[in-house]
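Number of protein chains: 2
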Amino acid sequence: MTNQRLFASIITIGDELLIGQTIDTNSAWMAQELNKIGVWVKRRVAVGDTREDIWQALDEESRESKIILITGGLGPTADDITKPLLCDYFGGKMIVNQEVLDHVTNIFLKLNRPIIERNMKQAQVPDVCTVLMNKRGTAPGMLFTKEGCLFISMPGVPHEMKGLMTDEVLPLLKQNYKMPFILHRTLLTAGAGESFLAERIKDWEEALPAHIKLAYLPNYGMVKLRLTSHGADGAALEHELDTLFLALQEQVKDIMITNEDLPLEKALGDLLVKRGKSMATAESCSGGYIAHLVTSIAGSSIYFKGTVVAYSYDAKETILGVNHQTLETKGAVSEETITEMFNGLMNVTTADYGIATSGIMGPGGGTEDKPVGIVWVAVGSREKMVAKRLYFRHDRLKNIELTATNAMMMLFQFIKAEPV
Amino acid sequence: MTNQRLFASIITIGDELLIGQTIDTNSAWMAQELNKIGVWVKRRVAVGDTREDIWQALDEESRESKIILITGGLGPTADDITKPLLCDYFGGKMIVNQEVLDHVTNIFLKLNRPIIERNMKQAQVPDVCTVLMNKRGTAPGMLFTKEGCLFISMPGVPHEMKGLMTDEVLPLLKQNYKMPFILHRTLLTAGAGESFLAERIKDWEEALPAHIKLAYLPNYGMVKLRLTSHGADGAALEHELDTLFLALQEQVKDIMITNEDLPLEKALGDLLVKRGKSMATAESCSGGYIAHLVTSIAGSSIYFKGTVVAYSYDAKETILGVNHQTLETKGAVSEETITEMFNGLMNVTTADYGIATSGIMGPGGGTEDKPVGIVWVAVGSREKMVAKRLYFRHDRLKNIELTATNAMMMLFQFIKAEPV
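Top line first, the protein sequences correspond to chains A and B. Quick note on our numbering: the first sequence kicks off at 2 and runs consecutively. Quick note on our numbering: the second sequence kicks off at 2 and runs consecutively.
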């Protein structure tokens, strides 16, 4: 057992990363998962589909870290040079792996599609690697060892990489290395800024022992607070961290959404399930994004009735029954329209609670008195509705995301305040 | 004038990148901009707020590239070590830069906020650097030269980094280096797998000259094909690449969505605008995700009427007029229900075209004859409807994304086949 950090490097391969066509979201996810089990990512390197550059990266990173995770460059097409390179690098020769071959054949059989030479190539692997089965695709993960370093190569498709990490890589790392204990406790607050929050919990934060770190993770008007502790004695750490975490929750209880590491839409869903209630949305400017977030949660069909995305005047009128007169005189982005949209939603669905949104997301459509970023949000029940005017100053997509988050936050707080 | 590529490395600094707290979007943007002016990003490296790691990255990257762009680590807080390190690395000492001091003072005056010690520190820079003024923030950009390499340090805040790149860095690079030309041509295909596509264009691909590269970028049942060419003579390159690109388009024309570097939802929107038509969606299993994708495109209110997310039986019946009988006898995931949903959508909206979806996204809800991943999609106009049964085998979110992509693809192809 050692207290020294176990270092990893992440190498991502692909020209698309170097010309800026793809934003690398894999590395952040991998870093999070590695962190949770006590592996510290020391460096992340992106290189192109160039043999010498990949080779050099393997050399360099194995001098820095014990664990080298490689993603990308494993598809069946001609621009993929990673697999033969890995074969050479680790001094092997290519052989056919029967298990992968069966797996690939099976996938194509089930898809009822012809399997061609190129697909079969996925089953070829260096004879010096251990194959890690990729349940979600045809390109297998591969594990190599060299001079005390562990190299693991995975496809770059996020979904496949995540499956391999979860099913194979993380369990394998936990088994093979003695990790220091790393514990996290996370809570989500809404409606208070980072600096305001920092000021409020200042004394508590300053009294934290050196081996416990607090991170502020601000996102869309919410701030996640994450406590991280590491050391050798798991049970003692856990007890200490839970005590501190309880004290933190006490200090932020009026603005806390959940004391678990959950997204807002999951916390909202859990609250609805607990209360045995349902919801629906009438979305104009958020364009169905709230519905998407809510329905991305497994089991949401229990509490989610549906949505009307009323993007045009006629959809607002025909489906939600908004008065033509209101739209003409007050405009789509107004307290009057949002109220009628909300009422219309409660009429066409059987939901207990509702959300309505209408605003100008940009870049076009703004006027002097209603600039881009102005949004009306209404939330409520059949008995009561609360409407609020919000103002965001970002680009279109960010404005949509902020509208959705703020609307869900408002509904969450509305339901919380309801008598049980 | 040389034909050799001008290489750049991007170094991003910050622990938040290594624990996965922040997704690095800066590097992709920088790479795109550099690429446009003919600078090739060779490597991207992320290191933490650790002196030795940053120092080493500077050493290593200056062996790889002539231009080293550094972002992050320049804020006013105590944990920032980048600036003093750069000062040591280039053998300078810290001095106060009057122009930056005036600029910082001015910002705080305008904000009507007290300026504290910490903020004044922003005006301190190494005496061996050239200051690049940051109009959007307090941390200045800094330019250093060493052994024929150019080092440029910028703050990590995306908005400030982009301002500095646009106003200072890119013009400076264009002035100081003779660039080779880098050109890209991208097209998007749908419905054919990567390996099938590779097989089809094999002869054409093998005949490509050495300075032109083809990349396959598969995503959700679509494959992007990207041609990249580089060299000295811009006009000749352009002509050559366009000729090859035309030949490629000819070979994939039956499955090509667009010959521009656009997402499917934008290509679909452009097609609707061109035809002067509109669309709407009735979504069950896709839960509003199609609506979100379509409305994420600026200007979509011109052609997007709205959506009914009919997640529950009652929403399907009340809003879309699906027969209770149909739901009871055939189930929500059936050709009969999808047909009634589609017809209902055309009734409640004025859209010219529509999409309807109903399926089981998982992880729960599957049965023997309707397992998780079964989806019915209908697309069409007021005259004609096409319904298709699809089957995906992924996790919930991916199944939702695949449903959305395939549905948009189907509608795109439906509209394409319509008489103009």
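Worth double-checking, as some hints may not be accurate.
In silico PhoX-like links for lysine-lysine, alpha-carbon gap of 25 Å or less [what the hints assert, rightly or not]: (1) K136(B) <-> K399(A); (2) K111(A) <-> K371(B); (3) K163(A) <-> K225(B); (4) K163(B) <-> K111(B); (5) K399(B) <-> K111(A); (6) K122(A) <-> K163(B); (7) K111(B) <-> K136(B); (8) K399(A) <-> K267(B); (9) K136(A) <-> K163(B); (10) K214(B) <-> K122(A); (11) K399(A) <-> K163(B); (12) K399(A) <-> K389(A); (13) K267(A) <-> K417(A); (14) K331(A) <-> K389(A); (15) K175(B) <-> K203(A); (16) K203(B) <-> K214(B); (17) K371(B) <-> K331(B); (18) K175(B) <-> K122(B); (19) K163(A) <-> K399(B); (20) K111(A) <-> K163(B); (21) K399(B) <-> K267(A); (22) K175(A) <-> K37(A); (23) K175(B) <-> K267(B); (24) K225(A) <-> K275(A); (25) K94(B) <-> K122(B); (26) K385(B) <-> K399(B); (27) K67(B) <-> K225(B); (28) K254(A) <-> K203(A); (29) K389(B) <-> K399(B); (30) K122(A) <-> K278(A); (31) K275(A) <-> K136(A); (32) K94(B) <-> K267(B); (33) K278(B) <-> K267(B); (34) K225(A) <-> K179(A); (35) K254(B) <-> K214(B); (36) K371(B) <-> K136(A); (37) K122(A) <-> K225(B); (38) K399(A) <-> K399(B); (39) K254(B) <-> K278(B).
Hints in this document: simulated from the structure, not taken from any laboratory.
Any of the earlier hints contradicted here, and which numbers?
6, 9, 15, 18, 20, 23, 26, 27, 30, 31, 32 and 34
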